[in-house]
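Each protein sequence line maps, in turn, to chains R and Y. Just so we're aligned, residue 1 is where the first sequence starts under my numbering, counting upward by one. Just so we're aligned, residue 1 is where the second sequence starts under my numbering, counting upward by one.
Derived by calculation from the structure, the hints in this document are not laboratory data. Be careful, since some hints might not be right.
It does not matter which identical chain is used: a pair holds within one copy or between any two.
Unchecked claim - Below 20 Å or equal to it, Euclidean Cα-Cα: the simulated SDA-like pairs (lysine to any residue) are:
hint, residue 1, residue 2
1, Lys183, Ser323
2, Lys212, Asp167
3, Lys314, Leu210
4, Lys314, Gly300
5, Lys334, Leu99
2 protein chains.
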Amino acid sequence: MGNTVPATIGTRIEDVDTPCLIVDLEAFERNVAKMGRFMQENGLRHRAHAKTHKSSDISLYQIEKGGACGVCCQKVSEAEALVSAGIRDVLISNQVVSLKKIERLAALATRARVLVCVDDLGNVDDLSAAAQQYNVVIECLVEIDVGAGRCGVVPGAAAVLIAKKIDEAANLKFAGLQAYQGKAQHAYDYNERKEMIRSAVNDVEQTVSLLKSSGLNCDIIAGAGTGTFEMEAASGIYNELQCGSYVFMDADYQRVKDKNGEFLSEFENSLFIYTSVMSKTKADKAICDAGLKAQSVDSGLPVIYGRDDVQYVKCSDEHGVISDPGNVLKLNDKLKLVPGHCDPTVNVYDWYVGVRNGRVEALWPVTARGMAF
Amino acid sequence: MGNTVPATIGTRIEDVDTPCLIVDLEAFERNVAKMGRFMQENGLRHRAHAKTHKSSDISLYQIEKGGACGVCCQKVSEAEALVSAGIRDVLISNQVVSLKKIERLAALATRARVLVCVDDLGNVDDLSAAAQQYNVVIECLVEIDVGAGRCGVVPGAAAVLIAKKIDEAANLKFAGLQAYQGKAQHAYDYNERKEMIRSAVNDVEQTVSLLKSSGLNCDIIAGAGTGTFEMEAASGIYNELQCGSYVFMDADYQRVKDKNGEFLSEFENSLFIYTSVMSKTKADKAICDAGLKAQSVDSGLPVIYGRDDVQYVKCSDEHGVISDPGNVLKLNDKLKLVPGHCDPTVNVYDWYVGVRNGRVEALWPVTARGMAF
Chain R
1 MGNTVPATIG TRIEDVDTPC LIVDLEAFER NVAKMGRFMQ ENGLRHRAHA
51 KTHKSSDISL YQIEKGGACG VCCQKVSEAE ALVSAGIRDV LISNQVVSLK
101 KIERLAALAT RARVLVCVDD LGNVDDLSAA AQQYNVVIEC LVEIDVGAGR
151 CGVVPGAAAV LIAKKIDEAA NLKFAGLQAY QGKAQHAYDY NERKEMIRSA
201 VNDVEQTVSL LKSSGLNCDI IAGAGTGTFE MEAASGIYNE LQCGSYVFMD
251 ADYQRVKDKN GEFLSEFENS LFIYTSVMSK TKADKAICDA GLKAQSVDSG
301 LPVIYGRDDV QYVKCSDEHG VISDPGNVLK LNDKLKLVPG HCDPTVNVYD
351 WYVGVRNGRV EALWPVTARG MAF
Chain Y
1 MGNTVPATIG TRIEDVDTPC LIVDLEAFER NVAKMGRFMQ ENGLRHRAHA
51 KTHKSSDISL YQIEKGGACG VCCQKVSEAE ALVSAGIRDV LISNQVVSLK
101 KIERLAALAT RARVLVCVDD LGNVDDLSAA AQQYNVVIEC LVEIDVGAGR
151 CGVVPGAAAV LIAKKIDEAA NLKFAGLQAY QGKAQHAYDY NERKEMIRSA
201 VNDVEQTVSL LKSSGLNCDI IAGAGTGTFE MEAASGIYNE LQCGSYVFMD
251 ADYQRVKDKN GEFLSEFENS LFIYTSVMSK TKADKAICDA GLKAQSVDSG
301 LPVIYGRDDV QYVKCSDEHG VISDPGNVLK LNDKLKLVPG HCDPTVNVYD
351 WYVGVRNGRV EALWPVTARG MAF
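Only chain R is shown next, with the shape it has when bound in the complex (with noise of 0.2 Å):
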């Protein structure tokens, strides 16, 4: 990691070496705090989402300054990475299946309280395993399928066989569902994303009813994210958000409308590539150092911020091409894209450079960064 450090703490923003991802420390800030007034306002607990960011500083900030009431993360090692930096409140909020995995899980809850998704019979029994091993408890919350179409089990009678199974083995601790809908945070029309999230909320209450029938009560109703987590708040029933991207927005963000049909405008962008001209031999066109080794281009092409003289055309391994009409790069000029995807995009690189007033005043790691199992 010693050869990717692109600067010092005091240092100018326009002497960064590029490319390098910055933070916008004060637009972050003001992320961090508008979520944490809404989800205070509105009686609800954040597990902030660390798969976005993949650092154990960020998720202290939004448990220490903007109430969070722990992490989410995706993977063990990434949740290994959070409790090693203190962090005692971690749902893996994915399915941990294979035999090593599990036994990491169970080591790990001997330092922390530890979450973790069920959508199978079998894993139950292992999970149950594992714990009695180390002599812990593993909270487990049923992940249905709200439309996603990815993990989790039908709502309804298959979430409650598992649910039974949890409650009655040894070590584990049937906390409540998750039911996260994955595919409506990213759809860009409102009334789209709101009858997904109505048909979750559906799901979630017939679950909920059914596994009350069977004694079986939710303290954990979890799910939401950055595109949809007002209509969630909204529903009465989730009680436990996980917002992520919110931190940092991005370019596909920016593509989900509010009902009025503009941008989602609650969040600002606080995440850019920093990138530089590296070539202009064409009058027309630029060429800048971050390409597709700088960022994940899944959901489009990262967009030039505050600009609208130029603009990101092509992405290949070592290169950006910009478009730039009027003829007004120069060689080693900068630029802040503003990534098409975050979470991907962060994982690309070892650290965060906060930048305030102009200047270096973070350096980051990205304490998870690669850490996918």
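Given chain R, work out where chain Y should sit, using these hints.
Below, chain Y without anything else, positioned relative to chain R:
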């Protein structure tokens, strides 16, 4: 990086944690041997491109066993990592234009032969000043844009102007031309590639001839990649080829057709994303643990190796959706994915897990992972 080691030496392949990158060592070695033989038989130098793998172990293998004369890379930080691993002949096949990076380049030239590409007159002054300061010689290739539309000057007079300036500059050596047609590498149609390279060769010949009239000789005429190297080799004018992807291959290269309309078949897939089924709640699909953070999907989704009964059909941050019409997959089943695009996929991993005869034989760090500046 500690939390990201997926195996230990001797581990059976079935017990390697997922997702991770595995290298079939025998296929890898055959690929390197095949390219080495080709270069030797054609009297060409092979400056193997390290941008593909970012691994000092693999670069050293290409030099020691594959007959490569040295390496290429794209970034100063990559060059630093490779020089630290003992590699003494490194071309940065890219422009280095910021003063900070130029100083690092000059410092590096105290320890190794360092070459760089140039496409700007002002850059010549900066390189010369730094080379004088460090009392080193930096060798410069003038990059000409032979059709890729990225870096490089127009072939012909503009290149001669820069070459002359380099030739006259203190502590710089004009070493030849960089003439890489990046766009041609992944053009699927053989005749399209052939036409692109014919045009590139024409550009090179014209420029070399103009240079000669100015009394400048090119020691190095560099370019070519895995998709076109036989064409540059046949040109009679390129003398230093820069293939990289041939060591691994990927799903997109499998779409590149040879003159008979078949897949390019000289090289074998040796790189795989190893993944496990982590949720199986639906009869017709399975969810695996390799999503957007385990690969780059810029050139399409990965292909499941050796299987035509199941297909990777969708990719989200943490999950892959596998279509399983026969309901044959079970929880914890493992699959090998051929990545859509090897270079940016490698860049999210910290380790290669080298496998022979079903056991882990090598753990190679991705030495220059994330080294983008």
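Results for each hint:
no. : hint             : result
1   : Lys183 to Ser323 : between (32 Å within a copy, 18 Å between copies)
2   : Lys212 to Asp167 : within (13 Å within a copy, 83 Å between copies)
3   : Lys314 to Leu210 : neither (52 Å within a copy, 32 Å between copies)
4   : Lys314 to Gly300 : both (10 Å within a copy, 16 Å between copies)
5   : Lys334 to Leu99  : between (48 Å within a copy, 14 Å between copies)
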